[in-house]
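Q: Same order as they appear, the protein sequences are chains A, B and C.
Residue numbers for the first sequence follow the working numbering, so the first one is 1333 and each next one is one higher.
Residue numbers for the second sequence follow the working numbering, so the first one is 66 and each next one is one higher.
Residue numbers for the third sequence follow the working numbering, so the first one is 368 and each next one is one higher.
For the record, the hints were derived by calculation from the structure and aren't laboratory data.
There could be a bad hint or two in this list.
Claimed, not checked - Within a straight-line C-alpha distance of at most 25 Å, the following computed BS3-like cross-link-like pairs (lysine-lysine) qualify:
no., chain 1, residue 1, chain 2, residue 2
1, A, K1455, C, K489
2, C, K448, A, K1455
3, A, K1538, C, K508
4, B, K197, B, K233
5, A, K1335, B, K236
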Amino acid sequence: MGKLLMLMLEGTFTSLRIFFLTLLFSLPLGLVVAKGRMSRHRIISSLVNGYIMIMRGTPLILQLIFVYFAPYYIFGSSTDRFTAVIIAYAINYAAYFAEIYRGGIQSIPQGQLEAASVLGFTKVHTFTHVIMPQVVKRIMPAMGNEVITLVKDTALAQTIGVAELFRVAQNAAAREFSTMPIFIAGIFYFVMNAIVSKSFDLIERKLDYYR
Amino acid sequence: MKKFLMILMLAGLAVATIGAAGVKEQGGDQSLQKVLDKGVFVLGLDDSFPPMGYRNEDNEIVGFDIDLAKEVTKRMGVTLKLQPIDWNAKEQELNTGNIDCIWNGFTMTEERKQVINFTDPYVNNAQVAVVKAGSPVKTLADLAGKKVGIQAGSSASDAVYGNEAFAKSLKEIVEVKDNLTALMDLEIGGVDAVVLDLFVANDNIKRSGKDFKILAESLSAEEYGIGFRKNDQALRDEVQKQLLAMAADGTLAKISTDWFGGDITVVGK
Amino acid sequence: MAVITVDHVRKSFSSLEVLKDISFALETGEVLSIIGPSGSGKSTLLRCITNLEQVDSGTISIGGDTLVHTDDQGITQYADKHTVARIRLRVGLVFQNFNLFPHFSVMRNITEAQMHVLKTPKDEAQDIASDLLRKMGLPEKADAYPFQLSGGQQQRVSIARALALKPQVLCFDEPTSALDPELTGEILAVIKELATEHMTMMVVTHEMAFARDISNRVIFMDDGLIVEEGTPEAVFSNTKNERTKRFLSRF
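Work out the full structure, taking the sequences as your base and the hints as a guide.
A: What follows is the structure, encoded as structure tokens:
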């Protein structure tokens, strides 16, 4: 039992690495994508829109397989499997985040941008000091949903051979002919997501000083 | 929060034990009678396991094992239902009664024999390593410090992990969902070798036309059996009886020749 | 001396011509009211002066510098980015809907532009803000957030925010239209007080009594044109113009 828990903690560590690295890359990338989507240049906005449609319109598991295997057939070289997981997750989640950002940015009343403009704020200052802080507050509930989904989606990484928590649990289940490891994994995921929800609750409460 | 976790854990335990208890509580061995009453025999398989069981171009499940099972169920007078399962969850599928047997190039390992009621072996098999044709790897020892791919939960996985010295010599053991993914991984250089069933390896190399070769040295010799629930003795005996009859009248040899060009079966021999 | 001159300004939104050849001048220390029915173009005129909209043609000068100019060949050109940025700070704008930044405290709403745009040190910016809040009768609201204030209080903060940049001209775009009737008085009182201090102001308003009371001059706009221009007496009491009469008869 002790050995099993150690193995599962190792798997959890891999899952957490996937989780945090995905967030690290997809959160800023999503902003770039959102900006592209809202671009006034037709070509840019429709290209980005196409990218978002593909990312949201195909299963993540397929994208995972594509990112890992396709480069070999196209370029004749392949990426490390863990890197492939991070790339696939980052570009997938960036698409979802981008749409959430876009909704948040577009929900900021036009009048505030006009006020900023009349007061002489630069575009960058307006974005970083007026728009983004309010966007962050508005998108928190939707982001919470996505981040919780990401915790559970880490289980797909086993498709291309990354031994994350769920793979470890399934292997243990097969080895010991018992469903117990799977249930323990369920508890692990549940605890991780409980922490995620709590964190989002905290952030939301922290941002509650204005309406 | 703590309380909630406790409840969740207890619920998990409850589900796990009920699954096991449900099987034990039946008085007497009704397993065969139940199948005959239903008129349906549910065979659980990983439907991406050629040539034992896989999907052809028309998306029908075919294979050597499938042909055997068809003949057996015909003789039993019941309908064969093929139930694709996640190979990694096969024990749960069997124990919870979703399927009546696992019949899919199912290797009889010592561990499995503890919890599964196997028929006598019907085919001999081996776990072999496949490498790219140009690979410098000639023996299993050459794989030291290299990456090896396997299908998670497969008997190849048992063979690799079971051979501790070999497993320790490897740089990494990469487990993927199915053999096909493992072989694709071999092709793109993600792993240096894939360990899998001899039959599957032969069939894959033949059909894909990929430049792979099988190492002469095999990891372990194995036997295929059909797996039933521990308590389903009557059902297991009936299938065994039919297989013996098929061996006696030459049907088994005929099916084997159809698939492998010769009789590879060991029933009654 | 004219602080703002507007000369032959035209502006269309797609096929709809909103400003049809507008010319006038705003003198230093003057309070100018612009009245007229909805859709007459008076708000658009303010937005063109504050550079929230770009004119199609015409010339606008602010404090002696040209914001936009149409030359003899009919080519309309805006000043370069830096000049525009410099000029536009000479004109403050108070919005109908206040447009305070909800995530900033009252203090930060007033200090942000001073610090970011004028590079005023924080201490000084806060001193200026405190003085303005006292003047607006809100000295205790510095740490409050906009949602904690009444509409009238929010509008007073937004006036303080505009004044903090020390504009040469303060423009008001229907400053009381979003307020409950009982709250309009406090805003009008503030504007009146600014008038006594000789703040140059341009007020787009529907409050006829107020326009008459505080203005040095009144412009009546209708259908994108300046129909009449003169002293409050001339426009409100002695107009000869039929359109002005018809408009005023509704109040």
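Q: It remains to establish, for every hint, whether it holds in the given structure.
A: Verification of the hints:
1. For the proposed pair K1455(A) and K489(C), the alpha carbon gap of about 22 Å is at most 25 Å, so the pair holds.
2. A C-alpha spacing of about 13 Å is found between K448(C) and K1455(A), which places the hinted pair at or below 25 Å, so the restraint holds.
3. Of the supplied pair hints, the one linking K1538(A) and K508(C) holds, its CA atoms being roughly 21 Å apart against a limit of 25 Å.
4. A hinted pair counts as satisfied when its Cα atoms are at most 25 Å apart, and K197(B) with K233(B) qualifies at roughly 22 Å.
5. Taking the CA atoms of K1335(A) and K236(B), the gap is near 21 Å; set against the 25 Å cutoff, the hint holds.
Hint compliance for this structure: every hint is met.
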